[in-house]
Amino acid sequence: MHEMAVTEDILRIVEAHAPADTASQVTDIHLVIGELTSFIDDSIQFYFDILSPGTVAEGAALHFRRIETRFRCRRCGHEFEPEARDWLCPKCHALGGDVIAGKEFYVESIEVAAKGMTLE
Amino acid sequence: MSQDRSSSSKVPIVQTLLTANEEVAADNRLVFQGHGIKVVNIMASPGAGKTTLLLATIQALADRKIGVIEGDVASQVDADLIAATGAPVVQINTGGACHLDAPMIRHGLKALPLDGLEMIFVENVGNLICPVSFDLGQDLNVGLISVPEGHDKPYKYPGIFEAVDLVVVTKSDLLPYLDFEVDTFRELVHGLNPDAPVIVLSAKTGEGLTDWTTWLAAQLGTSAQA
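Heads up: the sequence lines are chains A and B, in that order. Note that the first sequence covers residues 1 to 120 in the numbering used here. Note that the second sequence covers residues 1 to 226 in the numbering used here.
Just so you know, the hints here were simulated from the structure itself, not pulled from any lab data. Predicted model only: the values in this text are computed from it and were never measured. Misleading hints may appear alongside valid ones.
To be verified - Below, simulated DSSO-like cross-link-like pairs (lysine-lysine); rule was C-alpha separation at most 27 Å, straight line: (1) A/Lys103 x B/Lys10; (2) B/Lys10 x A/Lys115; (3) A/Lys103 x B/Lys156; (4) B/Lys204 x B/Lys65; (5) A/Lys91 x B/Lys156; (6) B/Lys65 x B/Lys110; (7) A/Lys91 x A/Lys103.
Work the whole structure out from these sequences, hints included.
And the structure:
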């Protein structure tokens, strides 16, 4: 359910950055989502399909770049992707680490094209 | 489908999502600070014992001026329980949403006597995932996990255990009957979040409750000096 708030925010950001002229349209929206944020691509797409008609983002394709969770071992500094039920550092076997990736959550870029030159 | 890429342009943005919520959360934080109120956001699964712990806490800290914001999908059940203690309480019904957000808190604050309060507990909607992503303007995040839920929860819901300032294991009176391994749980929490103390308690028997109230009192002390 919280993906609705996120999708509203995506539209707000896209509208703020899209060209003001009516001759162009947003064709692609690139999102970056870390695994730890627990946001679901399909759910964002679902709300996007409902909320985007009538906005500058109508018809745009959503692209999701997922970032795996990464730990930096506090004992030896090794960086690794933890397994679902195994957080041991593969080098020194210390448990866990500082989260250095996986909390990302942003609009990376949009692509804009002149109207009539994109979809047939 | 044909795309004429020569006429398209890429606009780099790199703007974090949910900033609208964070702006309202920052406003809430200013309101809390202006009144010298410490705000504790309680996050847990449904049935972990959030309300029961709050009831015991209000009783144990009877000399403190505590208010409560209750978040639930529906109903006034929890707020009625809190109100019976005499503590000021406001119920927020999210109408289906799985978390509280900053605008809901801003609205709920209007119903609390802020001038007379030292601490506000926000009981978030029962959920280990969604509340983590929505800043409310709180000072502290506390994660509750009850013994029946199992000690492997940090593996399954790392986000919340990474985000909290304190972890409370509730229903410790059930430890003799269930397979919850406290040491394993503690190791997993500290694997993610070495700075978060883990307190084990039972609001029902009172075991460990003073560890919790002592921690809370220490947070209030910090606030008084600030």
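ask   = What are the numbers of the hints that this structure violates, sorted from low to high?
value = Hint check: nothing fails, all pass.
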